[in-house]
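S.K.: The chain contents come next:
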Amino acid sequence: MNGFISARARHPWAAVLLCFAAALSPAQAADTPQAQALHALFERDWDDSARDFPEWATYRGDHRFGDKLTDMSAAAIAARDARVLRTLEQARAIRRDALSATDRVSLDLFIERAQRNAEMAAFPGYRTLSLRALGGPHTALPDLLNVSPVQRRDQVLQMIARLAATPQRLDDEILNLRRGMAAGYVSSRDVLQRVLAQIDGQLPADVTASPFYAPFTRLPSGMPADERAALQAQAREAITRHVEPALRRLRTFVADEYLPKAPADGALKHYPDGERVYDMLIRQQTTTAMNAREIHALGQRELARIRAEMEAVMRDVNFNGDFAAFVKYLSTDPKFFHTSPEALIAGYRDIAKRLDPEMPKLFAELPRSPYGVQPMPTHLGANRAEYYQGPALDGSRAGNFFANSLSFKRRPIWAMETLVAHETMPGHHMQVARASELKGLPSFRRGGGYTAFSEGWALYAETLGFDVGLYTDPHSRFGHLQAQAFRAARLVVDTGIHALGWSRQQAIDFMVERTGQDREFITGEVDRYTSNPGQALAYMIGKLKFDELRDRAKTKLGAKFDIRRFHNAVLDNGALPLQTLDKLVDEWIAEETKRAGLS
Amino acid sequence: MMLRRRSFALGAVAAAVSTAPFAATKTNAASASETRKLNALFDRHWQATARAYPEWSTYRGDHRFNDRLGDASPAGRAAQDAQTRRWLAEARRIARGRLGTADRISLDLFIDNQERAIAMMPFAGYRSMLIGALGGVQTAFADLMQVTPMQSRAQAQQLQKRQAALPRRMDDEITHLREGLRLGWVPPREVLARALEQIDKQLAAAGNDSPFEAPYKSLPASMPTAERAELLAAGRDSVQRHVLPALRKLRGFIESEYLPKAPASGAMSGYPDGARVYEQLVRNSTTTTLPAREIHDIGLRELARIRGEMEAVMREVKFEGDFAAFNAFLNNDARFKYASADALLAHYRDIGKRLDAELPKLFAELPRAAWGVKAMPAHLGDDSAEYYQSPAQDGSRAGFFLANALGWQKKRTWEAETLVAHEAVPGHHLQGARAIELRNLPDFRRNALSPAYDEGWALYAETLGFDLGLYTDPYSRFGHLQWQAFRAARLVVDTGLHAFGWSRERAIDYMVERTGVPREFITSEVDRYTSDPAQALAYMIGKLKIDELRARASKKLGARFDIRRFHNLLLDQGALPLGVLEKVADEWIAAEAARR
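In order, the protein sequences belong to chains A and B.
Per numbering that gives the first Met the number 0, residue 0 is the first one in the first sequence, and the count goes up by one each step.
Per numbering that gives the first Met the number 0, residue 0 is the first one in the second sequence, and the count goes up by one each step.
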């Protein structure tokens with residue numbers, strides 16, 4: 000339900016783009032030649048990535064390429080693949096043992112990212128599956144325009160240039176989809192039906208209602224009126240002449256050529272070499288070596304445990320009726336809902352402000368960056384999931400939890416506490432803001448993301464709510480458990496669909512019954528798993544790793560275990576693959592044993 | 000208001016350590032041995048102060064001395080005075096010319112602190128006035144309980160010992176009060192009547208409401224249940240045997256000996272040598288040499304300006320009726336009232352969270368310490384002023400805005416925004432937490448208290464609300480103006496009461512008419528000025544100085560003026576006397592103009 004979206008990760012293909020991120024300003028003194036070579040490599044890669052992926056640069060606040068879109072021609076893709084291999088070679092040529100401990104970790108992470116990209120390049124068919132249930136190149140442009148600055152004329156002209164570049168971008172996409180089709184890779188029917196609806200939603204009869212046009216209605220009031228009008232006319236023309244025809248071509252292609260070839264279900268298992276692709280995605284998303292069967296069984300186990308706790312709450316409040324009836328009562332009784340968007344936002348802020356002063360109990364050092372709770376921009380509509388946006392790296396803007404206040408009638412009060420803990424403190428804001436302030440790390444590590452780490456942390460953070468005064472109301476405890484059950488169910492369902500032959504219907508029925516969530520919502524979720532295999536595993540796998548490390552540290556350190564120091568230890572290297580985290584925590588435990596022994 | 004909650008002798012400590020840091024500029028041509036001598040002096044002074052004032056240490060999060068209370072006996076007090084003179088003598092022996100720039104200022108501030116403390120020594124009668132309208136010896140021990148940690152068996156035992164030390168301490172305080180009585184110094188009747196109520200609330204609070212048992216109930220859940228029960232039982236026993244009898248004794252003394260001698264008015268001019276005491280207190284509080292007459296006039300001028308703006312809001316909302324009627328409407332109309340204590344707290348939290356997100360617009364670097372809102376302890380009653388409590392030095396406890404949740408029925412929604420901006424961010428919390436985190440400064444500078452600076456900052460911070468999305472509602476803007484008017488009126492009334500012969504009635508009538516604040520509230524305010532002379536001057540005097548410095552910087556730097564950097568400049572030195580702050584700001588303006 001809640002998505003972790005820092006400024007750059009709003010982008011549908013950001014997951015891929017992030018792999019190329021590298022350091023702008025390595026803070027460690029580049030004193031040795033090897034360290035200098037490493038930092039130069041980071042800088043070069045950063046710059047190349049901004050050039051290769053101009054949208055990503057925009058999300059990072061680098062507007063040098065704000066008039067361009069990524070070149071998705073076959074030649075450009077091949078050139079980028081070659082660059083990945085070259086970069087990998089250069090990274091491997093650096094003598095690891097000549098580096099500081101921090102630089103060694105940075106180098107390992109850098110290589111690991113490049114390897115993941117190289118690995119992905121080996122599956123050209125899978126790589127063409129860009130049209131996803133939650134969006135793709137067909138929906139990316141409005142989001143991009145919305146984060147682009149519109150304060151000056153040249154900035155607006157950059158955006159108009161991007162509108163004009165859209166036909167090339169989408170026509171290249173069609174060619175890629177055709178190549179995928181030839182390789183036996185087409186997204187599932189249900190996903191493509193959603194895609195068609197998403198395209199149709201962006202083609203209103205009146206161009207001034209177009210989502211591409213919305214950013215141009217927000218030109219600064221300080222701009223002369225005639226200049227504003229001229230720019231707006233230019234934008235409207237670019238939309239009707241370039242963007243809309245290109246989108247219609249994409250629509251025609253999907254409806255007439257692509258969809259007829261679409262499989263009824265999107266199980267990776269049924270695609271050429273699909274099992275190997277899924278294995279790779281599991282590895283990349285969970286950053287562990289678990290296989291689909293193990294994950295499936297783990298999900299079943301967790302879900303059984305959590306469901307039992309949910310039923311215990313039902314008995315706690317003396318509810319008469321079965322689980323489905325209880326869930327229905329919780330989802331329909333007006334006493335569980337705020338009565339206005341403003342009241343919902345104030346409710347979130349109240350929870351957040353109750354959490355803030357508790358944080359010193361959980362952390363030895365907090366980030367400086369504050370955070371707020373804001374209603375999402377209305378143009379995102381009533382169906383967007385909540386998301387978190389990280390603070391500016393230079394401290395000029397706070398982090399923000401963007402809440403869907405338009406949907407206040409579908410946001411029960413008992414689901415709010417666990418959501419705030421997830422999105423803000425001790426969840427995403429704590430992790431992201433802290434990472435962004437780790438001046439000793441290269442910036443690809445300060446801003447970098449591993450879903451298993453960041454979402455695992457946020458899910459673990461929800462469970463910390465018990466230590467800081469949340470969930471005292473049993474309904475709120477139920478909300479917390481439901482959110483946990485939901486992520487456990489993803490382990491079962493994602494592997495079920497892609498590796499174990501589950502049908503879409505089976506997946507939907509299972510999740511609805513087990514978690515008690517709304518069927519329409521779950522249907523959208525299942526289509527999301529279908530079109531983005533393995534991604535939804537990251538949350539619970541990551542969370543269980545944090546649980547495991549905490550238990551390990553507690554057992555080994557005994558009375559010397561300090562939860563505040565432990566939490567800083569897991570966060571203070573920035574986001575990491577879980578296996579690296581595991582190793583670093585072991586090192587920390589060893590140091591902590593010594594430290595405590597001396598005092 | 001900002002209280003790092005009042006402990007028994009907090010006033011004395013404030014004088015002993017209240018001073019401020021200076022920009023950590025370069026130490027050119029400094030003598031290493033002289034610098035070492037200075038730092039050694041600061042260290043010894045800091046450690047000795049921590050030992051002499053153990054309650055103050057507890058507030059700072061230094062829990063070494065949580066098992067004891069400071070020595071308030073005549074001999075103990077005399078020893079501390081002698082020590083202050085020795086600190087001064089020692090500081091004066093340091094060769095100032097051989098120190099770096101930053102250290103010179105530190106030395107000046109250190110000397111100034113000792114001198115101010117010594118300047119109060121001749122006023123033995125005034126120094127015995129330990130019972131204030133807001134609190135004092137009658138509430139200090141209960142307040143201390145709120146910050147007493149309870150994470151282990153050892154800490155529970157520390158507290159038991161401290162509670163056992165209370166009877167002796169209370170006897171010493173009573174001796175001190177008697178000394179004052181003999182010298183003709185007794186607080187006015189209203190203040191003592193209030194003190195009796197405060198004591199009664201503490202005595203009546205049993206079980207879960209008892210502030211003295213509360214710490215024992217926060218023993219960690221990880222401790223075996225039996226052990227927790229044992230420690231709680233032992234704690235209860237010590238409360239029954241030591242704490243409550245000591246409080247009863249104080250109550251008995253006030254009722255039978257002290258109150259019968261209390262004057263009707265607390266004007267300083269009515270006490271022996273009171274006029275000279277007031278002069279010194281004005282200097283201490285405002286950190287300026289402004290005479291009472293000038294302060295009085297500044298108050299009249301500011302009040303006239305603000306009242307004009309308040310009346311403009313009245314016209315903006317098209318209210319039909321006069322100023323008093325408008326205030327009656329604001330105070331009586333149901334739309335401005337809260338539905339419950341929880342609704343009040345939730346409203347404060349909502350405002351606080353809105354403010355948090357906007358702070359990066361106004362500050363280049365923020366403190367790490369978190370802050371929250373909670374209800375103030377019940378024993379303070381439903382008419383106590385709300386206050387701010389600093390975070391622990393070591394980051395283990397957040398800062399808190401303590402809201403008067405009990406008094407929710409008297410609170411109005413339109414005054415909440417300016418209040419949160421004052422107590423929390425960008426007001427007291429931002430300043431206090433930032434100061435504590437300035438690790439490159441000596442301890443005494445990070446913990447400096449200076450009302451003209453602290454309260455001036457918080458009052459100025461209220462005006463920053465306009466840049467942070469507050470006051471878009473005209474009623475809320477009126478609330479903001481009313482609170483500004485209220486602080487301007489203090490300049491008039493405090494000087495009026497203590498220097499120009501105003502009666503309590505006249506002071507109350509004047510403030511009610513000018514500000515529109517309800518009479519009941521103003522009455523307790525006036526009693527506060529009476530029992531804490533000159534303290535209330537600090538707010539507006541400090542705020543006006545910050546306004547002046549901002550206008551100067553903005554004018555001189557033009558397009559180079561960066562408000563985020565300017566605000567950090569004001570905060571990054573810790574609390575400073577206003578004169579020193581001005582010098583620092585001037586140097587900053589020059590440096591900023593030269594910056595590329």
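Don't take every hint at face value.
To be verified - Here are the simulated lysine-lysine pairs, DSS-like style, with alpha carbons at most 25 angstroms apart:
(1) B:K216 x A:K360
(2) A:K593 x A:K582
(3) B:K248 x B:K260
(4) B:K554 x B:K360
(5) B:K360 x A:K438
(6) A:K360 x B:K373
(7) B:K248 x A:K334
These aren't lab readings, by the way, just hints derived from the structure by calculation.
Predicted model, so just to flag it, every value in this text is computed and none were measured.
S.K.: Any hints this thing doesn't respect? Which numbers, in order?
M.R.: Checked against the structure, the only hint that fails is number 7, while the rest are satisfied.
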